[in-house]
Amino acid sequence: MAFQTGAAMLDACVLAVLDSRDVYGYELTVYIKSVIDISENSLYPVLRRLQKDGCLTTYDQPFNGRNRRYYSITGDGRRKLAGYRSDWEEYKKKMDLLLGAAQTASAGSVPAHPVTTTNL
Amino acid sequence: MNKEQYLQKLRENLNGLSAEGAAEIMQYYTEYFEDAGPEREDAVIEELGDPSVLAAQAAEALGQTRTDVPGAPRPLFPSLPGFLKGRGTAQKNSAYRFREMDLEPFRSVYVRVRNCPISMKESADGRYGADVYLLLNEGETAQAGMEHGVFTVRISGRAISHRNQQGNQYVKLYLPAKEYDRIELHSSNAPVTSDCPAAIRSKLKIDTSNSAVNVSGIRDAEKIHADTSNGSIHFRSLKCADLIADTSNGSITVSGCRFTEELKADTSNASITAELEGSESDYRVSADTSNAAIYINGEKRGKSYSSGGGNRKVVLDTSNGKINVTYKPVLLKDI
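Chains A and B supply the protein sequences, listed in that same order. Sequential numbering of the first sequence, starting at 1, is according to the numbering used here. Sequential numbering of the second sequence, starting at 1, is according to the numbering used here.
Careful: at least some of the hints might be erroneous.
[As the list claims (entries may be wrong)] Computed footprint of chain B on chain A; a stretch qualifies when at least three of its residues, placed anywhere within it, have a C-beta under 8 Å from a C-beta of chain B: (1) 23-35; (2) 66-75.
[Claimed, not checked] Each computed DMTMM-like pair below joins lysine to aspartate or glutamate, with the alpha-carbon atoms no more than 20 Å apart: (3) B:K203 / B:E222; (4) A:K33 / B:E46; (5) B:K172 / B:E222; (6) B:K313 / B:E184; (7) B:K3 / A:E27; (8) B:K178 / B:D246; (9) A:K33 / B:E31; (10) A:K33 / B:D42; (11) A:K33 / B:D35; (12) B:K172 / B:D102; (13) A:K33 / B:E34; (14) B:K223 / B:D242.
Calculated from the structure, these hints are not laboratory results. Ideal Cβ positions, reconstructed from N, Cα and C, are used throughout, including at glycine.
Let the hints inform the model, and build the full structure from the sequences given.
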């Protein structure tokens, strides 16, 4: 994958998962890894950052004679997620406009908008 | 490496963090291994990567160290994992070495080490360089790198063993002869030498103990302050406003220096030799010794001497040591 998943994007992904249910660290990593290519060490800093910003809280639940730490989204987290979602919609539209238009141009059909092509 | 060894390594690399911080990170990754289960153990170890990198990254997330995480600006000392994160935690008696030229330009330097000579020289090719070799005791942590724009080399942490480890340690800095804001070199039981025609906007501060301090060639500074004990201080060819030398049982020599405000030299059981540019009328000298004599231009003047209404103040104090003051006509060549 040529595109990097930056810090804000990871924050958004984690909040989106937490918006549907509380999860523990490993579960969260496995889930996100099943969709996008991230390393197993990527999420601790993200969780920590979101916790510091008040976007999530944690609680421990006993499991097999030990504790599992669950992460749970807060009101602030939901507000932040809503912001990320609308930013994403906007960003997606812009990227579609650019990438989609270029694709039609290279495919040889008439672009929907006038597109100036430059040779690289 | 198995899970236990990996977690142990991670734990070691979290030394220096707060206890809660380290515990939180350990809990997260211990739990992570538990949840991944034994069949994924090797895969998790491989993917989590170098425990010292993971530790630095996690510590950074806690806000407890600096920003050298993967993806952040380029590492300063790629050859050395400990310094890659700007932070290395020593195993018992381990040595850390890096030699790096062309560090990003910096305007201030802060070195705080123990039992280790420090030298600062002009770099031959205009690049910034550092050559550091440190032997660390258990419980000590070495850090080197850029901290808030300051090039920093330091050892911190409580040494469990109190053995003095002088060995062949050294910190050598190579600086282009540019202008800096502030330079501080702190050591102990080892000499500190600064021989770089740099200009320093505020202060050059040097302190050590039981060893000599040699400073020469500073083009311009607000203040140059050297502090040691049981060792000599030698100032040569310096230009600054204030020049201060503090030692004991060691001589102080000042030659070819131009200061606009004050020269202050304080020692005991040793001599002070000051060569002052200009004539007696340029200075206000106050010199005191006990059990020895003061010589002005070779002429013996007793145990206390004060002179003139010049603008530049000179205060020389010792005991059991002679004081030599000579006035030299100003040469037209710049220092």
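Against the structure, the hints come out as follows:
no., hint, in the structure
1, 23-35, "holds (count 5)"
2, 66-75, "holds (count 4)"
3, B:K203 / B:E222, "holds (6 Å)"
4, A:K33 / B:E46, "holds (15 Å)"
5, B:K172 / B:E222, "violated (24 Å)"
6, B:K313 / B:E184, "violated (25 Å)"
7, B:K3 / A:E27, "holds (19 Å)"
8, B:K178 / B:D246, "violated (27 Å)"
9, A:K33 / B:E31, "holds (18 Å)"
10, A:K33 / B:D42, "holds (17 Å)"
11, A:K33 / B:D35, "holds (15 Å)"
12, B:K172 / B:D102, "holds (14 Å)"
13, A:K33 / B:E34, "holds (18 Å)"
14, B:K223 / B:D242, "holds (5 Å)"
Against the hints set out earlier in the document, violations occur for numbers 5, 6, 8.
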